[in-house]
Each structure stands twice: as C-alpha cells, then as structure tokens.
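Protein chains in written order, with UniProt numbering: chain B, 1 to 243; chain E, 1 to 263.
The hints are simulated quantities; they were obtained by calculation from the structure and are not laboratory data.
It is possible that part of the hints are untrue.
[Unchecked claim] Just so you have them, the derived chain E footprint on chain B, three or more residues with Cβ under 8 Å:
(1) 52–60
(2) 76–85
(3) 93–99
Since the model is a prediction, treat every value here as computed from it, not as a measurement.
For every residue, glycine included, the Cβ atom is placed at its ideal position computed from N, Cα and C.
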Amino acid sequence: MTGLSVRNLDYSYGSRRALDTVSFDVAPGRFAALLGPNGAGKSTLFSLLTRLFTTRSGQISVAGHDLSQNPRAALARIGVVFQQPTLDLDLSVMRNLTYFAALHGLSGRTAHTRIAAALERLDLSERAHERARDLNGGHRRRTEIARALIHDPSVLLLDEPTVGLDAASRKAITDHVHALSRERGLTVLWATHLTDEIEDDDQLLILHRGRLLQDGTAGALRGALPLREHFLSQTSDKTGEPA
Amino acid sequence: MNAALIALRAIVLREALRFVRQRGRFVAALVRPLIWLLVFAAGFRAALGLSITPPYQTYITYEVYIVPGLCGMIALFNGMQSSLSLVYDREMGSMRLLLTSPLPRWWLLFCRLLASTAISILQTYCFLAVAAAFGIQLPVWGYVAVLPALVVAGIMLGALGLALSSLIRQLENFAGVMNFVIFPMFFLSTALYPLWKMAESSTLLRDICALNPFTHAVELIRFALYGQFNGPALGWTVLAGTVFLGLAFWGYDPARGLLRRKG
Chain B
1 MTGLSVRNLD YSYGSRRALD TVSFDVAPGR FAALLGPNGA GKSTLFSLLT RLFTTRSGQI
61 SVAGHDLSQN PRAALARIGV VFQQPTLDLD LSVMRNLTYF AALHGLSGRT AHTRIAAALE
121 RLDLSERAHE RARDLNGGHR RRTEIARALI HDPSVLLLDE PTVGLDAASR KAITDHVHAL
181 SRERGLTVLW ATHLTDEIED DDQLLILHRG RLLQDGTAGA LRGALPLREH FLSQTSDKTG
241 EPA
Chain E
1 MNAALIALRA IVLREALRFV RQRGRFVAAL VRPLIWLLVF AAGFRAALGL SITPPYQTYI
61 TYEVYIVPGL CGMIALFNGM QSSLSLVYDR EMGSMRLLLT SPLPRWWLLF CRLLASTAIS
121 ILQTYCFLAV AAAFGIQLPV WGYVAVLPAL VVAGIMLGAL GLALSSLIRQ LENFAGVMNF
181 VIFPMFFLST ALYPLWKMAE SSTLLRDICA LNPFTHAVEL IRFALYGQFN GPALGWTVLA
241 GTVFLGLAFW GYDPARGLLR RKG
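If we strip away everything but chain E, and leave its shape as in the complex, we get (with noise of 0.2 Å):
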C-alpha cells in the first residue's frame, strides 16, 4: 500500500478509537439532536403548519421534517469541534506530531477532516436508528442514499471548522464557537423551518438562510434521505468546501507561521 493511503488509514482508525473510548462524547452527540427531537418539535409540532414541498410526498409532522436539519447539526457540531480542538493545547502536540510527517501538508489536513467526517457519519447513523425507534422512519433506500451526502457534507463543514481553526485567532474556546459560528449557522438556515415559512417573517433573513451553505448541506441530506437528488443543494456544498479547504490549507502554510503562537 502507498504510503500517503497507510496514513490515511491510521489516522482514521486513530480518530475512530479516541471517538470509541471517549464515551462522554459519543452519548453528548446522540443527545444533542435526540433532545432536539423529542423536545424541541414535539412542542413545535402544533404551532408549524408545513405544506406539502418537495420532497415530501404527503403532509409530514414537524418531527419528521426536522430529522435532516439534526443530521446536518452533528455533522456541523463535528466539524467545528474536531477541528478546533486542534488548536487547544491539548491536541497541540499531536498536531505538531501529524505536521512533521514527511507527507504533504494538505494530504496530512484532508486525512484529519476525512476521519472527522467518518466519526459524524457513525453519529448520524446511530441517531437515525434511535430516531427510527422513536417512529420516525425514512424510506429505506433513503438510509443507503444519504451517505453520500453526508460524506459531502461532513467534508464541507469540517473544512469550515479547519479553516476557522487556522484563520481565527479569537475561536479558541468553543462557547466563541457556538455563538458565532454554530448559532447563527443553524438557526438561519433550513434546518428548523423552510424557506418560505421564514419568507413569510421576513424576506431578508429568507436571503440570508438561501445563502447560508449550512442550508444547501441540509438540503442536500434532505433530498437524500428520501432517495432523491438535489443538484443546486450538491453544487453549492461543494462550492463552498472546496472554498473552506483552500482557506484551511493557506491557513497551515508553514510559511504564515499559524503554529508559531504556540512555539
């Protein structure tokens, strides 16, 4: 095996067995959305009349449209946390580790984003299922379609989060994070309410959402998970990853000097 695919293979597997032991982390991602879930649209669930729009089929309760907003919301948590954490003091070593590695440099942060995003995927995974046992179950073929756009999903929002890691000197505790980044990401986008309910309070924040490429990840999810494909959704999320990894592989250039704060 090439050596840049050994790497790849050991820092996911790394990623993986730090997400395993880390039991607090695992059951804080599930509930997070589960509450969310349960709670939040339960409530909501009376007061939100939703139409039929696509791609739903028939009219659906509030707790059914809300499942691919959380899917985009563990995704979105992820991202923001594993890459943040690099900049912490304690992942510092271990990035100074994966830095001097003889690979090159932006293969080493694609790994890392890749192994975050395969972390994410296992959580959106086990909250479908829990969510499923709660009666809120997709079409089947939906479970297998939406992993790519989880994939590309995961993969833009990571490279958010890597981008801000290096850009940002201010993030570096993540209370700055959620309200500044995670906050206003997922309350103006689709997550929570269409685009037209939020048209019908204000058009400007129907802008904003319409710009926000946290709602084109969520739509793209959504479409998805009911096995259909959402081209717009998929070129925007792509457009603004491809955006988020180039801002993150200037941003480790070691000839900007991000890591020298911490030399």
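Next comes chain B alone, as it looks inside the complex (with noise of 0.2 Å):
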C-alpha cells in the first residue's frame, strides 16, 4: 500500500471524543473525498495526517511511511492545503511558493523550475508576481493548491479547500484536483460538506461525530439517489436531525 492508510485512529479532546477508531485506505492515484457535517472530525482528522498533533492509538502511514516512526519521510511525501488560508498577503505569489519550496530544502534553478511548473499546472503562470492580496479568492485557493505540489508529493491532502469561494471557482478547482488525481496518479483526500464536489467513481469516505460510516465507491453507495439524499439519510437518523 503506498497511498494513504490510517488504522484504528482514536482522538479526544478531554472527553469528547473526536474521532473513534477511523481506519480506511486509499489507493495510489484514486480521489477520496472525505464528507461529513461540520464537527464530524474531518479537521481534527487532517491535524493528525499532517502531525499537528499526535496520537498514541492508531498508525497513519503516508506512501509506505509510518507517520509515527518515521515523520519525516512521511511529511515529505504530503501536499498540504488547509481549510484557513496561508498564503503571506503582502508577498508576491512566487515568493509566497519559493518561502515554500525552501521549507522542502528546495533552492536556486530546483526551486524555480518546480514552482513555474506548479504554476503552469494551475493556470497561474501570468500571476506569478502579483502579490497574493491582489488575487480573488479562486486564485489564491490554486495558488495554495499549486504550492502544496512543488515537492512533488505523492499524497495530497485537501480539507475543505472551496470554502467561500463562488460556484464557478469552486467547481474550477474541484475539476483540477480530480484531474491531477487521474494524470498524475496523485493520491487524494478532499475533505468537504458539499456533495456536489464529489463524482461517482470517486472513493466516498462518510465520517460522522468522529465514526466511520461509509467507505466506498460514491455512485455504488449512493445508489438510485441522489447524493445529497443519500448522504442526509446516513447522517440525519444518527443525530435525528438534518445535518
């Protein structure tokens, strides 16, 4: 297994219990996309991928590399865009990725080809030196999304990476991603609360109040219904109330 594994992951903060033995894999080169209600555990669940935090129950293990016993090798095979954006405002977006490339030890002519690389990938190019303030919400998304694939990750992990964004850039972005997934064997998890972001041969993670409910292909799960449908019947008899 050289995408992505998490096994019998426990975490609680005190004594609520955030998430309660998740285990799933996702194979090399398939898009996951991971959905849940707000407060189902996705974020504390991408804290852990990304070792925010740790936890001494379970084992995560990022293309072959435990993330517990070897953080490193792990780390470095993980592309990173978080739900609150990172970018550095007042910086140009090539200084933004080349302060990146360089917390990978990437410098000089390296750096410079990955970045205009990452660029060209996300249509970014002519913006390379704007600065990120002056980019609509859209751009700065692709410009994190084109950051987190400069050192070349074989796992990219996304959490809830279309928030605030209009309908047109969001569907732009989902549309990459599922393309970066299928051209360059990337492995995917896009953690999310909206269906429409998600297509039917995509792998269908349901979390739910920190449990594992569905794992599997979204168009087998989801059947005759709609997605959304199916998704409010999973969770909605769980909690007795629309999620």
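Dock chain to chain to rebuild the complex, using the hints, since each chain is given by itself in its own frame.
Right, here's the structure in full:
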C-alpha cells in the first residue's frame, strides 16, 4: 500500500471523542472524498495526518512511511491545503512559493523549475509576480494548491478547500484536483461537506460524529438516490436532525 | 546548500520582508524607546543622581544610563510580539505551514527565533542611530561589540515568548502579555535604575531585579556597548535562554497537542 492508510485512529479532546477507531485506505492515484457535516472530525483527522498533533492509538502511513515512526519521510510525501488561508498576503505569489519550496529544502534553479511547473499546471503563470492580496479567492486557493505540489508529493490532502468561493471557482478547483489525481497518479484526500464536489467514480468516506459510517465508491454507495439525499439519510437518522 | 540552511535563509528573509512592508510596526518599534529616551529620561535626569559604576568611567547623564535598557526593551517587545503572533489566528496558518515541513520541528522553531532576533537587532541599530543624532553617542567600538550581546539577548527573550505562546493559553492577547510579562520584566530590572539605587528603597526589590533574566540581558548589552565583557551576565542570559528554549520545544511537541485547540 503506497497511498494513504489510516488504522484504528482515536482522538479525544478531554472527554469528548473526536475520532473513534477510524480506519480506511486510499489507493495510489485515487481521489477520496471525506464527506461529513461540520464537527464530524474532519479537521481533527487532517491535523493528525499532517502531524500538527499526534495520538498514541492508531497508525497513519503515507506512501509507505509510518507517520509516527518516520515523520520526516512521511511529511516529505504530503502536500497540504489547509482550510484557513496560509498565503502571506503582502508577498508576491512567487515569493510565497519560493518560501514554501525552501521549507522543503529546495532552492535556486530546482525550486524555480518546480514552481514554474506548478504554476503552469494551475494556469497561474501570469500571476506569478502579483501580490497575493490582489488575487481573488479562487486564485488564492489555486496558488495554495500549486504550492502544495512543488515538492512533488504523492499524497495531497485538502481540508474543505472551496470554503468561501463562488460556484464557478469551486467547480474549477474541484475539476482541477480530480484531473491531477487522474493524470498524475496523485492520491487525494478531499474533505468537504458539499456533495456536489464528489464524482461517482470517487472513493467516498462518510465521517459522522467521529466515526466512519461508509467507505466505498460514491456511485455504488448512493445507488439511485442523489448523493445529497444519501448523505442526509446517512447522517440525519443518527442525530435526529438533518446535518 | 543543505536543506536546513535553505529553510533558515528563507525564514529570515520572509520575516525581514514582512517587517519592511509593515511600516507601522517599524515606526512603533522606533518611537517607543525614543519616547522613553527623549521624554521620560529627560524628566528623570534631574531627579536621579548616578554614581560612577562599571562600565562607566565618568559621571553619566540619565539618558546615557537608560540606552542599554531601551535596547533590551526593543528585544523584549519584539520577542513577545513575534512569538505570540504565532498563536493568534492571523499567523496560525503560516505556523501550520511551517510545522508541516519535513525538517525537524526544533530547527524550524529555532529558525523562526533567529529571524525575529535579526529584526530586533535591525531595530536596535536604528534606535542607536537616532539616539546618536540626539547627542547620545557611545564608543565607536561599542557599536560593534554590542552585536553578539544583542544576538544572545534577542534569542533569550524570543525563546521566552515562544515558550509562553505554547504554554500559557490565557496570554492570547497582547494586553495580557504587556501587564504580566513585559511591564514586570522591564520595571523590575536594571533597565531604568541600577541595582544599588533599587536597594536604597527595598532590598527585596533589588533581589527580584537581580534574579530577573532581563536584568542580565540589559547588563550584557550595557557592558558590550562600552566594549567590555560581563561574564556573569552572559552566563545567566544563556542559562535562561536555554531553559526557555527547552520549554518552547517541549511546548511545541506534537504529542502535547498545543495546536489542537485551533484544530
């Protein structure tokens, strides 16, 4: 298994259980959507996957590297787009990306070539020298995705990357990342609470109240129902109210 | 160049660029010690008599006495501001980005510390230049000799800020830090009055000042500004810095889950 593998992950904030024995695998080159209402534990899972914090129970393996045994090798294989914006708005797109490349030990010509390629891939080449503040929300997000690809990761983690974007930007970004996974064999874990970002071929992981309710192909899981209905039926009967 | 040094260079450069762009921060950093120097010290000059104590070889005016303390104040404010900005939401994203780098976490935090120290040294030299323009000049050699002292003091105070940012959740606003960290550290030190003067009013206060690591940072700077080396001050500053750094690294250990409250 060289994609992403999560085994028996538990996490609690004091007495509140945020993740309860979560296990799943995402095969290499697969686009997996982690679908869950707000407060389902998606962000906690992302923090554990990116080692912002750790837990003693359970195992995470990224591209074959165990995150707790060999964190540096595992982190080197991960690209992350966080839910909150992490661009330095006063710096240009190029400077933001150069900074990130340096955090991964890349500099000079190598960094430059990789950055140019990442910008090209996200159609951002002509924006390289604009200040991040001058970009619209969609372009800022695309810059963050481009940035997450500079060090050539094999696993891309995105935590609700379309929050606050208009419908057109949302679709463009969702399509882009689906294409990246298809064309470059990138393993993608995409957290969202919006069902229209998920395609029938995608792997679907439904997370609710810290537990993984379903893991399968989106089309097969939803059957004849629209995905939105399926998701609501899965999550509402557990709480007594729609998610 | 190796990956660790590439990251160090980038982190320092980023802080420098941000600092240059934030003119308001630069002006505030310069105006604060200048007000103390040109207003407070001028008023105090008549009230406070200073005898000849090392490193001074002659009678000095109060303005001259207070300069090293104000250099320390710049490092103190800067150390708190840059480290604590890490826990504020606006900086949270960039901290997450920093910590997901595959380089060792202690090294990343140390780079951040060096970057903020570099900024505080830049501010200190600007302050010394303005002070010189107002006639408070120091021995030429002192301007060079003070550099290593500023590095040590800056790292110690930055490490304190980093440790606080990771350990004390209540200090999430700068006003709290001002009241409970900056003011006590600054006023209970030799920045404004020498120890012997403090002892005249209370030996307890004198003892507290003598224990305050900021006192030793200020004395290290004071002696260095006159081209002299103060071994005990260096020893205490390095010791305090090591303890604060240890606390900071411990506080940012992922197993402790510092960042989870923002997760």
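Each hint, compared with the structure:
As drawn, the region 52–60 of chain B meets chain E at 4 residues by the rule of a beta-carbon pair under 8 Å; at three or more, the given contact holds. Taking a C-beta to C-beta cut-off of 8 Å, the region 76–85 of chain B contributes 6 residues in contact with chain E, enough for the three needed, and the coverage statement holds. For the region 93–99 of chain B, the proposed coverage by chain E is satisfied: 3 residues have a C-beta within less than 8 Å of a C-beta in that chain, meeting the threshold of three.
Of the numbered hints stated above, none is contradicted by the structure.
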